[in-house]
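*Asks:* Assemble chain L onto chain R, guided by the hints.
Residue numbers (my numbering), protein chains in the order written: chain R, 1 to 303; chain L, 1 to 303.
The hints are simulated quantities; they were obtained by calculation from the structure and are not laboratory data. Every value quoted in this text rests on a predicted model; they were computed, and no experiment measured them. Some hints could be false.
It does not matter which identical chain is meant; a pair holds if it fits inside one copy or across any two.
Listed below are the simulated DSS-like cross-link pairs for lysine-lysine, each with C-alpha atoms no more than 25 Å apart in a straight line [to be verified]:
hint: 1; residue 1: LYS58; residue 2: LYS93
hint: 2; residue 1: LYS275; residue 2: LYS249
hint: 3; residue 1: LYS265; residue 2: LYS275
hint: 4; residue 1: LYS265; residue 2: LYS211
hint: 5; residue 1: LYS58; residue 2: LYS249
hint: 6; residue 1: LYS58; residue 2: LYS211
There are 2 protein chains.
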Amino acid sequence: MAAAAALMRSLDDGEPEARAALRALYAHAGRAHVVGVTGPPGSGKSTLVDRLVELARKEGRSVGVVAVDPTSPVSGGAVLGDRIRMQRHATDKGVFIRSLATRGSLGGLSASVFDTVTVLDAMGKDLILIETAGVGQDGVKVAGAAHTVLVVLSPGMGDDIQAIKAGILEIGDVYAVNKADMADAETLERSLHLALDGVPSRDGWQRVIVKTEARSGKGVDELAVMLRRHRESLAQGGAWERRSQAMAKAAFEELLEVGVRTRIKKNLASDKAWKTLLEGLACRRMDPRAAAQRGLRRLLRGT
Amino acid sequence: MAAAAALMRSLDDGEPEARAALRALYAHAGRAHVVGVTGPPGSGKSTLVDRLVELARKEGRSVGVVAVDPTSPVSGGAVLGDRIRMQRHATDKGVFIRSLATRGSLGGLSASVFDTVTVLDAMGKDLILIETAGVGQDGVKVAGAAHTVLVVLSPGMGDDIQAIKAGILEIGDVYAVNKADMADAETLERSLHLALDGVPSRDGWQRVIVKTEARSGKGVDELAVMLRRHRESLAQGGAWERRSQAMAKAAFEELLEVGVRTRIKKNLASDKAWKTLLEGLACRRMDPRAAAQRGLRRLLRGT
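Next comes chain R alone, as it looks inside the complex:
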């Protein structure tokens, strides 16, 4: 456990030895079931993840949690509640929890998530839950880095939330209508059913909706069964390998982008021709599209 934590820190610092270790681990990973958990803020994702951890531990399965954190390290007090809630698993050696911040970096979130998943996987974790910050690009991206995507919704969040739902509707495999004891839960379930009707099945899996009450734990058993059933469905149809590969490819593509972005920053700061581009932009002699065209010719091979 301590070794894994140390390795993850070294990876964050970009130490070459850590990269080599990760490479070795990667060759032997690929067994864990990676579940991405997403949904709008306030839907109860954290509590539900907590319950799923609890249940898996009761069944003797080991668990890793990767919590993708929306706040900056500076002002990050708001998610302390989650951190504290998860503390009750802190002394359980079968549970490993890691938080990753989404901000303050050049990007590379999927790659960090992927690294963490690789280490947890190689540690022998049976189940790895990636809890996303909620919505938007990050949520969609991270959810795409999983075998199974669990979308958590809850009733009574107003019209604006409808828009968010629309954004994350297609990405789910399993849907939890959480806070199912609330008045509008039936309505939410019905409209979700209707909305999902129009979405084609993926990898031969028909999307399922499970009603849960994360606070009391009601429905969590059934949710866990559905997550496992999705895993089995993937394994039978050959989609398990395909999704594992898509996870690696997503990390690869993101690392490419981070590498390119780093190079662009470097060029803008120190390369003379690039500085001329910026000056042209500044005095409106050149518009952003024209400047980008020239920049790309300087940046990419074979242009």
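*Replies:* Just chain L now, kept in the frame of chain R:
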């Protein structure tokens, strides 16, 4: 008006003539006050934007609105309400409204926003409001493409919203505590004051908080005054030019990234060496970091 709309459509389609027209417009733009409006879903951004438009029109100023839309064109019914609400300006020639979708593209949102702003600016609009989808990377990015950033918050949105607030706290110049007639408005204002106390002033401007009630229109006058005061403060301190340039630079950098991403997709689809990389990833012979390192050498000049 019709010509501007046609030009924007041609830009979306990537027509070279449209690009040339934009280049010509860009050289003569730079007069409009661009205000980015962001904040969590449900805080009342759209209604407040609507009020600001109304007020500016009363004062005889012309207005452009760029609404950045979180939903896909397919399932985008949820924001129809906003669209309808804005319809009441539809017959007013002094108001031009354009929606941009955040999803379903290779990126390039900031660039599209920038193009639209350039056209509206060259059309002679005095005020351009960019209304973002809410939170996350897109919100921060688009808000950064403005002279003035207005952050809209409202009370009673629960703990999860706190986390989002933390994420958008530093980017604002003017803050609206909307729905100020609600019970917790005082509390929100106080905690916002406390939170902003720790944030250093930017471009010599001390961040301000204005209480508004977008539904009734209360406080919107004062908000408009503060937005204009920020503009004057920027102009006096020389920061106006600096922010205008930052907007162009953001569009430029994003266009570079889009160009690179397009190239990567092309390589992955058709280049033999890149396909070998993907195969190595798929059979775990190579981990994503190693593959990305090789990819970057093939992609970038001078590596």
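*Asks:* State for each hint whether it applies.
*Replies:* Structure-based check of each hint:
1. LYS58 <-> LYS93: Within one copy only: 13 Å inside a chain, 66 Å across chains, cut-off 25 Å.
2. LYS275 <-> LYS249: between (34 Å within a copy, 11 Å between copies)
3. LYS265 <-> LYS275: within (11 Å within a copy, 28 Å between copies)
4. LYS265 <-> LYS211: neither (47 Å within a copy, 39 Å between copies)
5. LYS58 <-> LYS249: neither (34 Å within a copy, 54 Å between copies)
6. LYS58 <-> LYS211: Intra 21 Å, inter 51 Å, cutoff 25 Å: intra-copy only.
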